[in-house]
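> Going down the list, the protein sequences come from chains E and R.
Mapping of the first sequence onto the numbering used here: position 108 corresponds to residue 108, and the numbering continues sequentially without gaps.
So the numbering used here is basically just the index in the second sequence, starting at one, shifted up by 1000.
Note that these hints are calculated values from the structure, not bench results.
It is possible that some hints are incorrect.
What follows is a set of in silico ranges between Cβ atoms, one per label pair, in the way DEER data are often shown [stated by the list, open to error]:
#, chain 1, residue 1, chain 2, residue 2, range
1, E, E3, R, G1041, 40 to 46 Å
2, E, K397, R, E1114, 25 to 31 Å
3, E, T382, R, G1041, 52 to 58 Å
4, E, T382, R, S1025, 19 to 25 Å
5, R, K1039, E, Y410, 22 to 28 Å
6, E, V4, R, G1132, 27 to 33 Å
7, E, P403, R, K1220, 27 to 33 Å
8, R, K1220, E, E3, 19 to 25 Å
Cβ atoms here follow ideal geometry from the backbone N, Cα and C, with glycine treated the same way.
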Amino acid sequence: MLEVIRLAWATITDYRLRSILSILGISIGVAAVITISLVSLAGRQIVFKEFSTYGLNTLWIYRTAEDANPLKSVREGSGITEADYLYLKNNCCSHVVRFTPVVYHRDWIMQLRAGNYYSKTSVEGVDVEHAAINNDQIIMGRNFRVDDIKNKRPVALIGTATQKKLFGHLQSPLGQELRMGTLKLTVIGVYTAKERNLLTALGATNGYDVNDRLTMPYTLYQQILGSKDIHTLLAESTGLENTSIALEEVVLTLKRLNDNRFQYTTESMLGWIDTANLIMRNLTLIGGFAAIITLLMGSLGIATMMSTAVIERTQEIGIRKAVGAKPGDIQIQFLAESIIICLIGGVIGLMFGVLALMIIHLILDIQVSLLISLFIILISLTSSTIAGVAAGYMPAKRAALLPPLEALRYE
Amino acid sequence: MIKLQNISRSYTLNQQIVHALKNVSLEISAGDFVAITGKSGSGKSSLLSVIGCMDSDFVGDYYYDQQRINQRNEDELAQLRNQHFGFIFQHFFLINRLTAVQNVELPLYYQGVEHDQRKLRAQQLLRVLGLGDRLTHKPSQLSGGQQQRVAIARALVTNPDIILADEPTANLDHHAAQQLFGLLLQLNQRGKTIIFVTHDLALTRYARRVIQLDNGRIEKDEAYA
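Bound conformation, chain E alone (with noise of 0.2 Å):
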């Protein structure tokens, strides 16, 4: 084996010129399905990452609107009240592990002032257990503790973009007191800030930044809101792949509740990442089309290369045959020397893939793993070889039936 690479090495920088091109042709094919496989997958990456700042296993229940009849909600009620939440949160559901309520005031951004510091916020009502479904971490101060929630105790937690509008000019917002109209809040917690970059720039998310909001105790904001209504309620499901069944149990237990006076909408991340899926898996496929044209015409290239090489080392053939060289011995010299082209090629457009995966890395700051890693250089050596075979192999084929004399002969 180590002779035939040696030879096949030899016929490659004999034929330098004519080796780089074909080497040339085959990295940049590596490099693009390289390139549209990176991209595939940091997609994803990108994707769960961002829908993760929702929580994976959230769940949505609220009232359908009626827009024939917009007053009608107000006149009846948002179809979730706080009693339904307390018997879901208690008595349902299998596949659900956690509620939180979600109230919030019709226009839902509310004006903030802290002294001098105005900020135009998302502004919601909470119970203790938001945080864990909305996938919420507080990087300065705590969560509500049910006694806020229970005794409405003026307390507000902010995300970061809100602090930097109020308290930017201070070291810690914790402690400091902030007004929404006539009510005062104390701020107890920061959330830890997160990246909607993608969604937001599809316009998914109503140019509401994810950063800039504020939560409160629910019963305090029901209180302020004089009602007793839930606006949303959110659940975590026991995994996304109980997300039909745990939405089921909710709706008809809610149903069951308001003696069926009421429909609900759902939604879920299951059929907002079956949709994102989608697209990518369109997209890879686009992509992956064109990736795998780049890499046939390299192949081709190739092919035409060692064909060219069988008509022009006829004779060479013809002298290697009447020494003793078996049909197998010319079809496996061929065969490596396409083979070699393709895998040198193959490395080198796995550098050009390693190249775009440190892109990646810098300027979307996705971690791209170990995984990833050794799925490139896998799809780089796998491709590149298949390349070098189904490239080699008819003009090998070829040069190996050649007749020893016919090819001697060969001017």
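Dock chain R against the given chain E, drawing on the hints supplied.
Just chain R, lined up with the frame of chain E:
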């Protein structure tokens, strides 16, 4: 050693069938020194190609060491060529991008001999043939005579039983031609069977047997003491 029975070989050239060999029968014993001669187109080279297993597309029976080889496949024929025959061609047929040593090594490569051993044997043989200072030269850097000696070294490196030479002196000057035949005589004295093709009747004096072909048939087959 070699027995041909009713060998015929024809091929198509410009849509015309050419009968290169017509019912040729002969026997060659081990240690013979045979000249095959005849006019251009008489079938000399075709006969040599059949004997050397370079051409298996013939009609008739060919026995080598009493083994019928007609139906042998390409792999078996390649092995036969490699182990039993050494070829010397009119145009040398050296691979131009390889050095003298690498050219001589080739038959050993296909025997599976280790690289170092191959190289050593090729170098030794080239030194014996007076090319010790030309080991790493490529064919284009050698004279015709030197190239032919490299080709002879390649033919001898596997220590074959039979040396086949097709117009071996056609591209050599008188002195180089004499040297070559001197070498072939020495090899014959050491027991090698030599079969060479020539159109030059003067060279047949070196042979102990002369086979003359005409129009694909053996016209004369004479042995000399």
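> Tell me if the beta carbons of K1220 of chain R and E3 of chain E are separated by a distance inside 19 to 25 Å.
47 Å, violated
> Does 40 to 46 Å hold as the CB distance between E3 of chain E and G1041 of chain R, or does it fail?
41 Å, holds
> Taking 27 to 33 Å as the hint, is the beta-carbon distance of P403 of chain E and K1220 of chain R inside that range?
The hint (27 to 33 Å, Cβ to Cβ) holds, given that P403 of chain E and K1220 of chain R are roughly 31 Å apart.
> Taking the CB of K1039 of chain R and the CB of Y410 of chain E, does the distance hold inside 22 to 28 Å?
Given range 22 to 28 Å: holds, Cβ gap about 25 Å.
> Between V4 of chain E and G1132 of chain R, is the Cβ distance one that fits in 27 to 33 Å?
About 30 Å separates the Cβ atoms of V4 of chain E and G1132 of chain R, which means 27 to 33 Å holds.
> For the range 52 to 58 Å, tell me whether the beta carbons of T382 of chain E and G1041 of chain R fit it or not.
Holds - the Cβ-Cβ distance for T382 of chain E and G1041 of chain R, about 55 Å, lies within 52 to 58 Å.
> Taking 25 to 31 Å as the hint, is the beta-carbon distance of K397 of chain E and E1114 of chain R inside that range?
29 Å, holds
> Using the Cβ atoms, figure out if T382 of chain E sits within 19 to 25 Å of S1025 of chain R.
This hint is violated: roughly 58 Å between Cβ atoms.
Hints 4 and 8 from the list above are not met by this structure, while the remaining hints are.
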